[in-house]
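Residue numbers for the sequence shown, in the working numbering: 1186 to 1560.
The hints are simulated quantities; they were obtained by calculation from the structure and are not laboratory data. Where is the CB? At the ideal position from N, CA and C, for every residue including glycine. Among the clues, some could well be false.
Ranges between beta-carbon positions, derived for each pair [stated by the list, open to error]:
(1) Ser1469 x Asn1376: 26 to 34 Å
(2) Pro1305 x Ser1393: 24 to 32 Å
(3) Glu1216 x Ser1244: 36 to 44 Å
(4) Ala1359 x Ala1515: 34 to 42 Å
(5) Gln1544 x Lys1265: 56 to 64 Å
(6) Ser1469 x Pro1305: 47 to 55 Å
(7) Asp1556 x Asp1291: 22 to 30 Å
(8) Asn1468 x Gly1497: 25 to 33 Å
(9) Ser1310 x Met1258: 32 to 40 Å
(10) Gly1313 x Val1411: 37 to 45 Å
(11) Ala1515 x Gln1375: 31 to 39 Å
DSS-like, lysine-lysine: derived pairs with alpha carbons at most 30 Å apart [said to hold, decoys possible]:
(12) Lys1442 x Lys1329
(13) Lys1202 x Lys1414
(14) Lys1339 x Lys1239
(15) Lys1335 x Lys1304
(16) Lys1233 x Lys1269
(17) Lys1539 x Lys1274
(18) Lys1304 x Lys1329
(19) Lys1294 x Lys1304
(20) Lys1239 x Lys1202
(21) Lys1304 x Lys1269
(22) Lys1239 x Lys1304
(23) Lys1339 x Lys1202
(24) Lys1233 x Lys1329
(25) Lys1294 x Lys1442
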Amino acid sequence: MLSMTAGQTLLGEASRKIPVFAASGAPRIREELSNSLRPFYNIRTFDKSEAVLKAVSKSQPAAIVIDETIPPMGGMNLIKTLRKEATSKTLPLVYTANAVDAESLDEAKSYGQVEPLGKPYQPRSLVGAISRMVNAGVEASWEKIEPVQKEALKNTLTSFNAIADQIQGDDPIAYGEVRESCTPLVTAIQNQNFKDMLRGVQDHDNYSFVHSLRVATFLSLFGTTVGIKGDELMVLATGGLLHDLGKMYIPHEVLNKAGKLDDTEFNVMKSHVSHTQDHLDRNSELPSGIAVIAGQHHEKLDGSGYPNGLKGSQINELARMAAIVDIFGALTDRRVYKDPMPPEKALVIMADMKTHLDQNLLALFREMLLDSATL
């Protein structure tokens, strides 16, 4: 059993479900907001503008949805009041009003960090608007952190978004740009000054980016622990960022399903490995270690993994390391359908996966996490 002193936690556990406020004077709209957002956020609804202001003064949400109908001051005046307060001057907001009221929707944008949304709207549009505003708020907070880590977060996010565009356009991955984006990440790891990066993505709402960034960070840290240096350390960082890019092909309803996947869905999910490999194979300058990480991180020592059922010595050591980091990341990630698992519990579960994971490497990973615990 992992033992830690009082007040300590293993760094890297993602945060709880993101808090979002929603305000409307119409019961039907409040119910619709709650139903649309509750699967994704810790939603709290309000029927009075004063109640919103009081709640914000006590505990700030990641974003607020403000409907034009909120009494007594109305949605626009609530926005103006929030912007007068230093603590909520840049708080991300989504303003909903009748789509024909273009003047009101345009005015809302003028207050900064406000995304207007015309009614009627689809629930997906609302969730997308909130996600963009939540992410904008999180990314703005990166300005306050140590410069190398700030650069690592900004560069890897830009690179990750570019990868999504390249996949959508059926273009090869620009590996040189990916490598360049990971350079400050590797520098932060080598300087043992990486913890703000992990904290900086705790509330980011792009799960694929968050998971990939965390895997890249922990895999690079793991590499330094076992003595990997130089170009091979960069292979771990870029391999971590790219290891799951094939999931961009997987339907949202499969990728984010709360329950167990059925056989058909699991086959769809497993296809992300071949999608990743196909895309990586199109870049001749890609180091072979990246393809190994992407192609083998779901293999298991007993041969029960996928896609090729490799076993024992057939599984590359880089892939064994990546498998440990990927599982740890998946267990401790915050998802829309689950709270993050405490790292110590995740490690206990992984210690029981004796036929799947390299237990010698897992022991080193565990010690690495203990050495990195600061809280």
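Hints and how they fare:
1. Ser1469 x Asn1376: 26 to 34 Å: holds, 33 Å
2. Pro1305 x Ser1393: 24 to 32 Å: holds, 29 Å
3. Glu1216 x Ser1244: 36 to 44 Å: violated, 23 Å
4. Ala1359 x Ala1515: 34 to 42 Å: violated, 27 Å
5. Gln1544 x Lys1265: 56 to 64 Å: Holds, at about 60 Å.
6. Ser1469 x Pro1305: 47 to 55 Å: holds, 50 Å
7. Asp1556 x Asp1291: 22 to 30 Å: Because 53 Å falls outside the window, the suggested range is violated.
8. Asn1468 x Gly1497: 25 to 33 Å: Holds - the Cβ-Cβ distance for Asn1468 and Gly1497, about 30 Å, lies within 25 to 33 Å.
9. Ser1310 x Met1258: 32 to 40 Å: Check failed, 26 Å falls outside 32 to 40 Å.
10. Gly1313 x Val1411: 37 to 45 Å: Given range 37 to 45 Å: holds, Cβ gap about 41 Å.
11. Ala1515 x Gln1375: 31 to 39 Å: violated, 26 Å
12. Lys1442 x Lys1329: Measuring from Cα to Cα gives roughly 35 Å; hence the hint is violated.
13. Lys1202 x Lys1414: violated, 36 Å
14. Lys1339 x Lys1239: violated, 34 Å
15. Lys1335 x Lys1304: This hinted pair is violated, its Cα atoms lying about 37 Å apart.
16. Lys1233 x Lys1269: holds, 18 Å
17. Lys1539 x Lys1274: Judged against 30 Å, a Cα distance of about 52 Å means the pair is violated.
18. Lys1304 x Lys1329: Status violated; Cα separation ~36 Å.
19. Lys1294 x Lys1304: holds, 16 Å
20. Lys1239 x Lys1202: Holds, at about 22 Å.
21. Lys1304 x Lys1269: It holds: about 27 Å lies between the C-alpha atoms, which stays within 30 Å.
22. Lys1239 x Lys1304: holds, 27 Å
23. Lys1339 x Lys1202: holds, 23 Å
24. Lys1233 x Lys1329: violated, 33 Å
25. Lys1294 x Lys1442: violated, 34 Å
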